[in-house]
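With the numbering used here, letter number 307 in the sequence shown gets 307, and the count goes up by one each step, no holes.
Worth flagging that the hints you see were computed from the coordinates, not collected in a lab.
A hint or two may mislead.
As the list claims (entries may be wrong) - Computed Cβ-Cβ distance ranges for the label pairs, DEER-style:
1) Asp291 with Trp80: 32 to 42 angstroms
2) Ala23 with Val193: 44 to 54 angstroms
3) Trp98 with Ala186: 19 to 29 angstroms
4) Arg252 with Leu201: 40 to 50 angstroms
5) Trp19 with Asp291: 14 to 24 angstroms
Every residue gets a Cβ at the ideal spot worked out from N, C-alpha and C, and that includes glycine.
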Amino acid sequence: MDSPRVSLRERLSGSARDWLTIAVSLPLALYCLPTLSSGFDYWPALALERGLQYGQSFLFAYPLPIYLPFAPLGLLPDPWPQRIAPVICLAFLAPGLWLWGGRRAPVLAAALLSPVGLGVLVNSNFNTAVAIFGLGLAVWAKRSGHPPLVGLGMALSLWRPTNCLPALAVLLASGWRWRELLGAVAGGALFMVPLTTLAFLIQPGWVGTYEQLLTALLGWAGLGPHLLASAGPFAYGLAEVAVAVAGIWLLRRRSLAEATAFALALTILLSTVGGAYSGSLALPALILVADDIRYARLPAVAGLIGWVQATILLRAQFPVGVVAYWFALQAYPLVRRRATPQPLTVDFPAS
Numbered sequence: 001m002d003s004p005r006v007s008l009r010e011r012l013s014g015s016a017r018d019w020l021t022i023a024v025s026l027p028l029a030l031y032c033l034p035t036l037s038s039g040f041d042y043w044p045a046l047a048l049e050r051g052l053q054y055g056q057s058f059l060f061a062y063p064l065p066i067y068l069p070f071a072p073l074g075l076l077p078d079p080w081p082q083r084i085a086p087v088i089c090l091a092f093l094a095p096g097l098w099l100w101g102g103r104r105a106p107v108l109a110a111a112l113l114s115p116v117g118l119g120v121l122v123n124s125n126f127n128t129a130v131a132i133f134g135l136g137l138a139v140w141a142k143r144s145g146h147p148p149l150v151g152l153g154m155a156l157s158l159w160r161p162t163n164c165l166p167a168l169a170v171l172l173a174s175g176w177r178w179r180e181l182l183g184a185v186a187g188g189a190l191f192m193v194p195l196t197t198l199a200f201l202i203q204p205g206w207v208g209t210y211e212q213l214l215t216a217l218l219g220w221a222g223l224g225p226h227l228l229a230s231a232g233p234f235a236y237g238l239a240e241v242a243v244a245v246a247g248i249w250l251l252r253r254r255s256l257a258e259a260t261a262f263a264l265a266l267t268i269l270l271s272t273v274g275g276a277y278s279g280s281l282a283l284p285a286l287i288l289v290a291d292d293i294r295y296a297r298l299p300a301v302a303g304l305i306g307w308v309q310a311t312i313l314l315r316a317q318f319p320v321g322v323v324a325y326w327f328a329l330q331a332y333p334l335v336r337r338r339a340t341p342q343p344l345t346v347d348f349p350a351s
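Use the sequences and the hints to build the structure in full.
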């Protein structure tokens with residue numbers, strides 16, 4: 001029996017429906033954007049350049065070295081840092097999603113214009129944008145055989161360490177030659193060692209300060225802090241290991257990119273949920289799911305439903321970050337059996 005044919009006309013009409021769905025969601029986006037997020041995630045990097053010591057605010061939620069590359073923004077007069085910060089985030093997020101496989105314009109647009117994608121930009125969340133780019137670069141470089149870029153991507157992924165460690169475990173379990181592994185280690189070290197050394201020169205006790213800051217995050221919204229508070233660091237570590245094991249198990253039936261993206265999406269359940277941007281870690285999985293013809297429209301539809309949820313949450317004055325869990329659920333199709341490949345055919349009008 002011949003497999004069902006997908007005509008070029010049908011593919012084009014599917015793209016038109018995606019663009020229509022995105023257009024329908026834009027009024028909701030415009031309504032939510034003013035209150036979607038705080039827009040201050042670039043502030044810690046600025047503060048370091050402007051004389052504030054690391055740890056003097058709970059907004060320093062990550063290790064000191066990852067703030068240093070963006071600290072020069074503090075040399076610019078206001079309001080230029082606030083204007084430039086979203087552009088920097090877009091410069092990492094869009095190419096990062098492209099590296100993950102976001103080649104079709106409607107899919108990439110749906111991801112960027114979703115509440116979690118726009119949340120990264122309006123919140124100027126450097127850490128999330130860089131981590132998604134870094135892990136995408138590592139996966140792409142692993143497939144294409146560029147070990148130093150694998151190491152660089154792995155180093156950049158540590159901009160969100162809690163989320164990316166299970167995904168990195170999946171990457172490390174994908175099979176390596178010694179030459180590849182050494183090249184990756186060298187590439188990552190050439191980037192991270194100077195930054196870490198500079199961090200110790202600036203503030204020798206920053207590691208202890210970071211440990212104290214972690215306790216301040218326990219009061220934030222999200223399942224991760226509640227797990228830490230109720231069961232302790234050991235149980236939290238076991239949950240991270242469980243996510244890594246799930247991703248490694250998926251390697252047996254899916255590609256490296258899909259298994260890594262699935263693990264990354266699951267970590268949303270373990271992290272703090274400070275804003276809608278938290279769900280952007282599921283965008284690589286959502287993009288890869290759309291490669292299956294059965295879920296080709298899922299990014300646009302998930303974005304529209306996400307904006308409806310964000311609107312309701314904001315109207316109810318409930319933490320909008322909860323929408324992140326909706327996007328984490330969109331990784332589920334990756335554990336299902338892939339559909340039978342369907343050949344692309346072109347229909348010509350009858351003469």
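Indices of hints not satisfied (ascending): none
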